[in-house]
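Participant: Given the structure of chain C, go ahead and fit chain H onto it with the hints provided.
Line by line, the protein sequences are chains C and H. For the first sequence, position 83 (counting from the first letter as 1) is numbered 83 according to this note's numbering, and the numbering increases by one without interruption. For the second sequence, position 138 (counting from the first letter as 1) is numbered 138 according to this note's numbering, and the numbering increases by one without interruption.
Everything labelled a hint here was simulated from the structure, so no lab data went into it. All C-beta atoms, glycine included, are put in the ideal place defined by N, C-alpha and C. It cannot be assumed that every hint is accurate.
Unchecked claim - Derived, one-sided and incomplete: chain H residues facing chain C with beta-carbon distance under 7 angstroms:
1. 65
2. 66
3. 76
4. 88
5. 89
6. 93
As the list claims (entries may be wrong) - Negatives, chain C to chain H, calculated, CB over 10 angstroms:
7. 35
8. 39
9. 61
10. 142
11. 192
12. 231
13. 244
14. 307
15. 348
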Amino acid sequence: MSRIKARSKRVIDANSRQRWRACVDDHVNSLAWSPDGKWLAAASISGPITIFDGETGLVQYSLAGHAFGTCEIAWNANGTILASAGQDGHIRLWDPENGQERAKFPGGAAWVEHLAWSLQGDLLASAAGRKLRLWHGTDGQLLQEYPDHSSTISDIEWQPNSQILTSASYGGISFWSHESNESLRSFSWKGSILVIAWSPDGCYIATGDQDSTVHFWIVKDGQDLQMYGYPTKVRELSWNGSSRYLATGGSDITTVWDCSGKGPAGSKPIQLQGHAAAISAIAFQHRGPLIATASADGALIFWHIQTPKRPLVRATFGSSISQLAWSPDDYLVALGTADGVVTVCTPPHL
Amino acid sequence: MTTTVSSRVPVSILTGFLGSGKTTLLNYILTAEHGKRIAVIENEFGEVGVDQDLVIGAEEEIFEMNNGCICCTVRGDLIRILGNLMKRKDKFDYILVETTGMADPGPVAQTFFIDDEMQEKLKLDGIVTVIDAKHVWEHIDSSDEVKKQIAFADVILLNKIDLVAPEQLQQLETRIKNMNAAAKLYRTENAVVEMNNILNVGGFNLDRAMGVDTKFLEPEYPFEWAGIYDLAAGTHQLALEVGPDPAMSIALFPVKEATTEALEQANMAAVLRFSEDGEHYKTGQVIPAAQPVLHNLQLNDQAATFTLEVKEPGLYALFTQHLPSEFQIELRTDNNTQTPALTHEYKPKHEHDNEVTSVGIETPGDLDSKKLNEWLGNLLRTQGPDIFRMKGVLSIQGESRRFVFQGVHMLFDGRPDTAWGSTPRRNSLIFIGRNLDRAKLNEGFRACLV
Numbered sequence: 001m002s003r004i005k006a007r008s009k010r011v012i013d014a015n016s017r018q019r020w021r022a023c024v025d026d027h028v029n030s031l032a033w034s035p036d037g038k039w040l041a042a043a044s045i046s047g048p049i050t051i052f053d054g055e056t057g058l059v060q061y062s063l064a065g066h067a068f069g070t071c072e073i074a075w076n077a078n079g080t081i082l083a084s085a086g087q088d089g090h091i092r093l094w095d096p097e098n099g100q101e102r103a104k105f106p107g108g109a110a111w112v113e114h115l116a117w118s119l120q121g122d123l124l125a126s127a128a129g130r131k132l133r134l135w136h137g138t139d140g141q142l143l144q145e146y147p148d149h150s151s152t153i154s155d156i157e158w159q160p161n162s163q164i165l166t167s168a169s170y171g172g173i174s175f176w177s178h179e180s181n182e183s184l185r186s187f188s189w190k191g192s193i194l195v196i197a198w199s200p201d202g203c204y205i206a207t208g209d210q211d212s213t214v215h216f217w218i219v220k221d222g223q224d225l226q227m228y229g230y231p232t233k234v235r236e237l238s239w240n241g242s243s244r245y246l247a248t249g250g251s252d253i254t255t256v257w258d259c260s261g262k263g264p265a266g267s268k269p270i271q272l273q274g275h276a277a278a279i280s281a282i283a284f285q286h287r288g289p290l291i292a293t294a295s296a297d298g299a300l301i302f303w304h305i306q307t308p309k310r311p312l313v314r315a316t317f318g319s320s321i322s323q324l325a326w327s328p329d330d331y332l333v334a335l336g337t338a339d340g341v342v343t344v345c346t347p348p349h350l
Numbered sequence: 001m002t003t004t005v006s007s008r009v010p011v012s013i014l015t016g017f018l019g020s021g022k023t024t025l026l027n028y029i030l031t032a033e034h035g036k037r038i039a040v041i042e043n044e045f046g047e048v049g050v051d052q053d054l055v056i057g058a059e060e061e062i063f064e065m066n067n068g069c070i071c072c073t074v075r076g077d078l079i080r081i082l083g084n085l086m087k088r089k090d091k092f093d094y095i096l097v098e099t100t101g102m103a104d105p106g107p108v109a110q111t112f113f114i115d116d117e118m119q120e121k122l123k124l125d126g127i128v129t130v131i132d133a134k135h136v137w138e139h140i141d142s143s144d145e146v147k148k149q150i151a152f153a154d155v156i157l158l159n160k161i162d163l164v165a166p167e168q169l170q171q172l173e174t175r176i177k178n179m180n181a182a183a184k185l186y187r188t189e190n191a192v193v194e195m196n197n198i199l200n201v202g203g204f205n206l207d208r209a210m211g212v213d214t215k216f217l218e219p220e221y222p223f224e225w226a227g228i229y230d231l232a233a234g235t236h237q238l239a240l241e242v243g244p245d246p247a248m249s250i251a252l253f254p255v256k257e258a259t260t261e262a263l264e265q266a267n268m269a270a271v272l273r274f275s276e277d278g279e280h281y282k283t284g285q286v287i288p289a290a291q292p293v294l295h296n297l298q299l300n301d302q303a304a305t306f307t308l309e310v311k312e313p314g315l316y317a318l319f320t321q322h323l324p325s326e327f328q329i330e331l332r333t334d335n336n337t338q339t340p341a342l343t344h345e346y347k348p349k350h351e352h353d354n355e356v357t358s359v360g361i362e363t364p365g366d367l368d369s370k371k372l373n374e375w376l377g378n379l380l381r382t383q384g385p386d387i388f389r390m391k392g393v394l395s396i397q398g399e400s401r402r403f404v405f406q407g408v409h410m411l412f413d414g415r416p417d418t419a420w421g422s423t424p425r426r427n428s429l430i431f432i433g434r435n436l437d438r439a440k441l442n443e444g445f446r447a448c449l450v
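Chain C with its partners taken away, still in its complex shape (with noise of 0.2 angstroms):
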């Protein structure tokens, strides 16, 4: 505790704790890991795609990526191929050891803005509008289209565990087989959810709104709880591995929920307070107890979710930091900004 303190006082030249460093041509759009931690992709929102080597930061392939801009990159789960999403309408698999374009397929609209693949087998998730698609990922085979959304679909995510793909809109969240393309079940709420995270215990999914809130879905009974009080839209939201905690966005200061106990109702949030700017993005590490949390005007802070009220180390990167991703491992965090770095820092060492 002493030491973490100790620690907190300390505000360290961004530089230093940066193993590589490497510029895209734009603003970073997407950020993956590859399962291993051997790649790290990185996508720019005017289309192209670099694999960096994560150690090294040496790049890989320069992939063309996708015209007009690619929306998101994904690694399937045993890091042997990279899908892409863009507004040229398309989904592309590449291959990281040759760098080839394997396979393209059509969104259905011309932004194909999201992809998820499920974590057992190979099936990629892909969300164009109102158009939710299952392709065979390896081969690019179809096999499920499910019916058109009433609205355009904001985000996709496989419930932890499962077979299950979850799509949401505007007026609520989707449940999908793969079997059938008939809704198994769904939660409405009136309202723009701009973001899902399933916790990793596959309890609860949280959403953030359009509408300045976040909402606790307990996927159990279907009930759910609104949290009010956020100054803009929240786009950031982020569990940590035991699903105890979802740190959210949307204001200057990073709210943590306490999903202990009874529960995040009722309950007085933890607060991370240390930013200038709108948060702009939030990891929590997959097993440990650190945060990092990013904001419009560069800066990176990270925490000890024991200890929220002291930065554990505060560094800043020039523009605005897009995306945040740590390492399989947790060792490293990947950060992207608007301007178009790519890095990978290591985090405070407890």
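Facilitator: Quick look at chain H alone, frame taken from chain C:
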């Protein structure tokens, strides 16, 4: 690097019915502004880069949004598309959002007020509405969308003027001005208009909040029309055909010159005279022009001709209770029809309750900010959906600067602006909407004065 207010990219919204010339205007802008990087959000599918411009197709996705006590509708697709666009390194100089013909501009405008990301990176410059001067008559009474497109506009292009007669155009202009007194009106053919009249107009700019044509903030008059005629001594004929009413009142005043100012001076006298009972005349009777009374013409659903007797030759202002066109009124001298040197149409007194109107309030004096907040808060809560736009400059007690504000429905934006200095402190504001009770709004506002 944080985005500063000055680097916000201006956005214009283009509305107008199908066939009004909206697409012609869009193409005209892209040609005229060649050299600037313009992004166009259209309601068609696809994304095309033309030269340095970018055309993005959008589906109008209207969402309800609930922020605390304010509930409004926004365009979810715009938040997504523009949010994405503004992240790119290649910045745009201007963004044009074209709506579908039947669109309500409300949700589009509100999107720029309520979403923090939009507010930070973009500034809504204005709403430009293109109107087909010939065909709009088919919709103006029946279509809610046409009314809203007119009511929300900062700039209105009366397009295809080559297809309509001047009187019809004048009538349309008056009608539109009665609905939206704050909009700038331009007559166009093929939507050709000076760029600085439609782009960077500052329609939502608080510094320019009160660019209102005050002529149209005038109260309702008991007459609908006035014309100034040059009449020789002797007799003249006033001929009327069968019109919508069995009677019509007129008043005549000698005026010094055929100018708007001279007519305005006669206005107040005419209002007084129209409040009198006056004299009644039947067809064929003589009306002495010099007699200072209201002349009630009995028509009894028949064409009628009255004789005007002029003793002193000179300029006369003729005020008519109804529009002359409704009775095909002609003033003749020796069977020659006289053309008035100047005419003016007034706001009709009887408006349907659901008609879109502008209510302007102009008054000196300081406002009690507490009372004003309560009144305005209550007004927006209860009448927000009916108030499309409002803007104004206010004089708040104890505040040395002008307070400027503007709003769309329930969304309100206001702040202190430049100092009053030696200029007289006064309040001028305008509401554009439907079911607006002029008397009640005036009364409510004046009750907030210190």
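Participant: All the hints need checking, so say for each whether the structure fits it.
Facilitator: Outcome of the hint check:
The closest approach between the C-beta of residue 65 of chain H and any C-beta of chain C is roughly 6 angstroms, which is under the 7 angstroms cut-off, so the hint is satisfied. Proximity of residue 66 of chain H to chain C holds as hinted, the smallest CB-CB distance being about 5 angstroms (cut-off 7 angstroms). Using the Cβ-Cβ criterion of 7 angstroms, the hint placing residue 76 of chain H at the interface with chain C is satisfied: the shortest such distance is roughly 6 angstroms. Given hint, residue 88 of chain H at the interface with chain C, holds; its Cβ is 5 angstroms from that chain's nearest Cβ, closer than 7 angstroms.
A least Cβ separation of about 4 angstroms between residue 89 of chain H and chain C falls short of the 7 angstroms threshold, and the interface hint therefore holds. At a threshold of 7 angstroms, the smallest CB-CB gap from residue 93 of chain H to chain C is about 18 angstroms, leaving the interface hint violated. For residue 35 of chain C, the non-interface assignment is confirmed: its Cβ lies about 28 angstroms from the closest Cβ of chain H, beyond the 10 angstroms cut-off. With a least CB separation of 24 angstroms from chain H, residue 39 of chain C remains clear of the 10 angstroms interface cut-off, as annotated.
The non-interface label for residue 61 of chain C is consistent with chain H: the shortest C-beta to C-beta separation is roughly 22 angstroms, beyond 10 angstroms. Listed as a non-interface residue, residue 142 of chain C keeps its Cβ farther than 10 angstroms from every Cβ of chain H; the least gap is roughly 21 angstroms. Some Cβ of chain H comes within 10 angstroms of the Cβ of residue 192 of chain C; the nearest lies about 5 angstroms off, and the non-interface call is violated. The non-interface label for residue 231 of chain C is inconsistent with chain H: the shortest C-beta to C-beta separation is roughly 8 angstroms, within 10 angstroms.
With a minimum CB-CB distance of about 30 angstroms to chain H, residue 244 of chain C clears the 10 angstroms threshold, and the non-interface call stands. Even its closest Cβ contact with chain H, about 29 angstroms, leaves residue 307 of chain C beyond 10 angstroms, as expected for a residue assigned away from the interface. At roughly 26 angstroms from the closest C-beta of chain H, the C-beta of residue 348 of chain C stays outside 10 angstroms, upholding its exclusion from the interface.
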